[in-house]
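Note that the protein sequences, when read in sequence, are chains U and V. Using the working numbering, you'd call the opening residue of the first sequence number 1 and step up by one each time. Using the working numbering, you'd call the opening residue of the second sequence number 1 and step up by one each time.
Hint data in this document are derived by calculation from the structure and do not stem from the laboratory. Every residue, glycine too, gets a C-beta built ideally from N, C-alpha and C. Heads up, a few of these hints could be off.
Examples of chain U residues toward chain V, derived with CB under 8 Å [claimed, not checked]:
id : residue
1  : R169
2  : G172
3  : D176
4  : S227
5  : T233
6  : A248
7  : P344
8  : D346
9  : A348
10 : P351
Pairwise CB distance ranges, derived in the manner of DEER restraints [as the list claims (entries may be wrong)]:
id : chain 1 : residue 1 : chain 2 : residue 2 : range
11 : V       : L118      : U       : R83       : 33 to 43 Å
12 : U       : E266      : V       : D39       : 25 to 35 Å
13 : U       : D346      : V       : D152      : 44 to 54 Å
14 : U       : V39       : V       : T60       : 51 to 61 Å
15 : V       : A30       : U       : E36       : 22 to 32 Å
16 : U       : G193      : V       : D132      : 45 to 55 Å
17 : U       : K205      : V       : I153      : 21 to 31 Å
18 : U       : K213      : V       : L118      : 37 to 47 Å
19 : V       : E15       : U       : P222      : 12 to 22 Å
Rough simulated footprint, nothing fancy, chain V against chain U, three-plus residues with beta-carbon under 8 Å [stated by the list, open to error]:
id : segment
20 : 294-307
21 : 326-336
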Amino acid sequence: MATTAPIMEQAPDSAKIILGIETSCDETAAAVLRLENGVPEILGEVIASQFDDHKAYGGVVPEIAARAHADVCDSVVEETLKRAGVTVADIDAFAATSGPGLIGGVMVGMMTAKALAMSSGKPFIGVNHLEGHALSPRLSEPVEFPYLLLLVSGGHCQFIAVEGLGQYRRLGSTIDDAVGEAFDKTAKVLGLGFPGGPAVERRAKDGNPDAIKLPRPLLDRPGLDMSFAGLKTAVLREAQQMELTDQALCDIAASFQKTICEILTEKSRRAMQLVREEMNFAGEPGFVIAGGVGANQALRTSLTELASEEGFSFHAPPLKWCTDNGAMIAYAGAMRFISGQVSPLDLAARPRWPLDEASAETNPVFGGGKRGAKA
Amino acid sequence: MRQDPDIEISLVGEEATIDLGAKLALNLQAGDCISLIGDLGAGKTTLSRGLIQALLGADTEVPSPTYTIVQTYETAPAPIWHFDLYRIESPHELIELGFEDAEDDIMVIEWPENAGSLLPSQRLIVELIFTDNGRSARLTGTTPEWKQRLNDIFDRS
């Protein structure tokens, strides 16, 4: 079973051990990954979520400040190495998210990885956070290139055609709120608590999904861009106009969830048709949903059915690798490492860094045909 | 209860909110600060988008900065820092985000309430409120200079 792009610089049996650090948003996370013959294995990982502290706030206030990352980053790395049963000396390269994200947090992770790289004389690899997500399905199963990725999280909502390592094409994205943000804010408007995704989903189970007609922004227009800001406003309007009984809350939640599912399913259908018609997606290509919103069961069911209708195989990484994590950074770092791509120690953090640009800048062979897209 | 704004504009439809952003954009200069007050869904990000796209073109992506807290844009008058302080718990966090560095550039701030005393005192306050037939924007300059500019922009003397 082929699992990766061709490996040219390394002997095929040369196992590599990579440390990956993720600090670009709310999580401080790290993982140690062993890559052998293209097959990744996570030896140890830690996600230092401070979720319990945040629940009380009823909002979304995690580790915004760089200091919060800085406070825990060293101990997260230490604990990760311990769980993996390795020492710094065993690590072949140190990868860290270099953007996009909150600059302070990104810098903490990068500085940690750079310091470890410098002191051990091993390479440092700056990883695009979105590339981590894009490659994450391959952590748990050998999904072959090319595949279509729908990344739906608190901060992102986009379709990406993943043609190979460093070969990403963004096909469409939200023009305003990310879909996870829409869930969170809708939950807040309805007083359902945080995080919004599970809260809305729980209520939706007991609600009538056809109770309320909500707008489906951009669905009537061609293309793969999406818009969710108006939905939140519409929910707010509905909520203001009715008595918010338990049943009403369930009905609104169910209607909201159904609307999101319909938008994402219809856009996914168009994305599948696009990659089939205009890109090199033949046979039964993979369709992957990643990001925290991928945990929503109604959405999963709807997209699974769609994938089957359109002749795509459906994949969803385990939830721990859907949300921000160190494993995906270690994996993307490892893939870059074995193809000879390491970063200079003075690499700067990039708050904004679209994935297609990651292709262009760090992988100049993009589109040049030097590296096969399919293994 | 509420102090009268310098100018109140009725906003019918999303386009009106975008247009208001565009109007405010054309007079921006380095050191300006616009604070956007309003409930969830009131149109703060929409107005910001109108403002930024008026300077950089309609193709410019202006995502909601809720999760990233700040997005920066290079524009001709000065860089724009588009803040969303929805997730900010304490003004101390803002110092680490470079909030004070942004004061020499252009700041557009959603959920300015969360900035506490770090919020620049010289600013344009835009309050977006829901009304019976849509939304309304209440504009107040905290300086004579801003009040004059509002008069110029909206042709009231």
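Status of the hints after comparison with the structure:
Annotation: R169(U) was flagged as interfacial toward chain V, and the flag is violated, the nearest CB pair being 16 Å apart, outside 8 Å. A cut of 8 Å between beta carbons decides the hint on G172(U): the least distance to chain V is about 12 Å, and the hint is violated. Nearest Cβ of chain V to the Cβ of D176(U): about 5 Å, under the 8 Å cut. The hint holds. Using the Cβ-Cβ criterion of 8 Å, the hint placing S227(U) at the interface with chain V is not satisfied: the shortest such distance is roughly 10 Å.
At a threshold of 8 Å, the smallest CB-CB gap from T233(U) to chain V is about 3 Å, leaving the interface hint in force. A cut of 8 Å between beta carbons decides the hint on A248(U): the least distance to chain V is about 18 Å, and the hint is violated. Checking P344(U) against chain V: minimum C-beta separation of about 23 Å lies over 8 Å; hint violated. Annotation: interface hint on D346(U) violated; nearest CB of chain V at approximately 20 Å, more than 8 Å.
Taking 8 Å as the C-beta cut-off, the interface hint given for A348(U) is violated, the closest approach to chain V being about 14 Å. With 8 Å as the threshold, the beta carbon of P351(U) comes within range of chain V, its nearest partner Cβ sitting at about 7 Å, so the hint holds. At roughly 40 Å, the beta carbons of L118(V) and R83(U) sit within the given window of 33 to 43 Å. Between E266(U) and D39(V) the beta carbons are some 29 Å apart, a value that agrees with the proposed interval 25 to 35 Å.
A hinted range of 44 to 54 Å holds for the C-beta pair D346(U) and D152(V), which are about 46 Å apart. As the Cβ distance of V39(U) to T60(V) is approximately 42 Å, the hint placing it in 51 to 61 Å is violated. Taken as a hint, the range 22 to 32 Å is violated for the pair A30(V) and E36(U), whose Cβ atoms sit roughly 55 Å apart. For the pair G193(U) and D132(V), the supplied restraint of 45 to 55 Å is violated, since their beta-carbon distance comes to about 31 Å.
Between K205(U) and I153(V) the Cβ separation comes to about 50 Å, which falls outside the hinted range of 21 to 31 Å. Checked against the hint of 37 to 47 Å, the C-beta distance between K213(U) and L118(V) comes to roughly 43 Å, which is consistent with it. Taken as a hint, the range 12 to 22 Å holds for the pair E15(V) and P222(U), whose Cβ atoms sit roughly 20 Å apart. Look at the segment 294-307 of chain U against chain V: 0 of its residues bring a Cβ nearer than 8 Å to a Cβ of that chain, fewer than three, so the hint is violated.
Coverage of a stretch by a chain is defined here by at least three residues with a beta carbon nearer than 8 Å to that chain's beta carbons; for the segment 326-336 of chain U and chain V the count is 0, and the condition is violated.
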